[in-house]
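J.: Sequence:
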Amino acid sequence: MRRPTRKVSRVITSKPWVDPASDTLEWLASLLQTEGVDLMSATFTELQRGTPVYVDGEEDVLEVQRLMARNHIRSLPVVSAGSVIGIVDLLELAMMDQGLPGIDLTESVAAD
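Be aware that the sequence shown starts at 12, since it is given in our numbering, and climbs by one per residue.
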């Protein structure tokens with residue numbers, strides 16, 4: 012039996028994502044200070060670390076779960092037309108899977 016496709020844009024969080032927790036900002040400022048970078052005057056290039064990981068709003072939930080498992084990521088930005096439209100996290104995906112046939116979170120890890 013084929014599993015129905017579920018788009019990640021239907022799961023994204025309603026929690027605010029533009030105002031990160033102050034402890035996260037403090038950690039980031041401390042890290043950058045250790046590296047000799049001033050957070051208030053730094054350019055994007057100075058702040059960039061690695062390749063950003065994000066998903067398109069049209070991406071299938073199972074593929075998002077697999078991506079998160081492969082990269083050891085608990086939450087991801089969701090984009091549409093080049094703009095961030097929200098954040099999806101493992102807790103939301105797990106809650107979505109409760110009571111829905113076809114997928115559980117262990118399937119995405121075991122399939123890789």
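Treat the hints loosely; a few may be bogus.
Said to hold, decoys possible - Here are the simulated EDC-like cross-link-like pairs (lysine to aspartate or glutamate), alpha carbons at most 20 Å apart as the crow flies:
#, residue 1, residue 2
1, 18, 49
2, 18, 57
3, 18, 100
4, 18, 103
5, 18, 74
6, 18, 71
Everything labelled a hint here was simulated from the structure, so no lab data went into it. Quantities reported herein were computed from a predicted structural model and do not represent experimental measurements.
J.: Compare the structure with each hint and give your call.
T.: A quick look at each hint next to the structure:
1. 18 with 49: Answer violated: residue 18 to residue 49 is near 39 Å, above 20 Å.
2. 18 with 57: violated (34 Å)
3. 18 with 100: holds (14 Å)
4. 18 with 103: holds (13 Å)
5. 18 with 74: Holds, at roughly 10 Å.
6. 18 with 71: holds (5 Å)
Going through the hint list in order, the structure does not satisfy hints 1 and 2.
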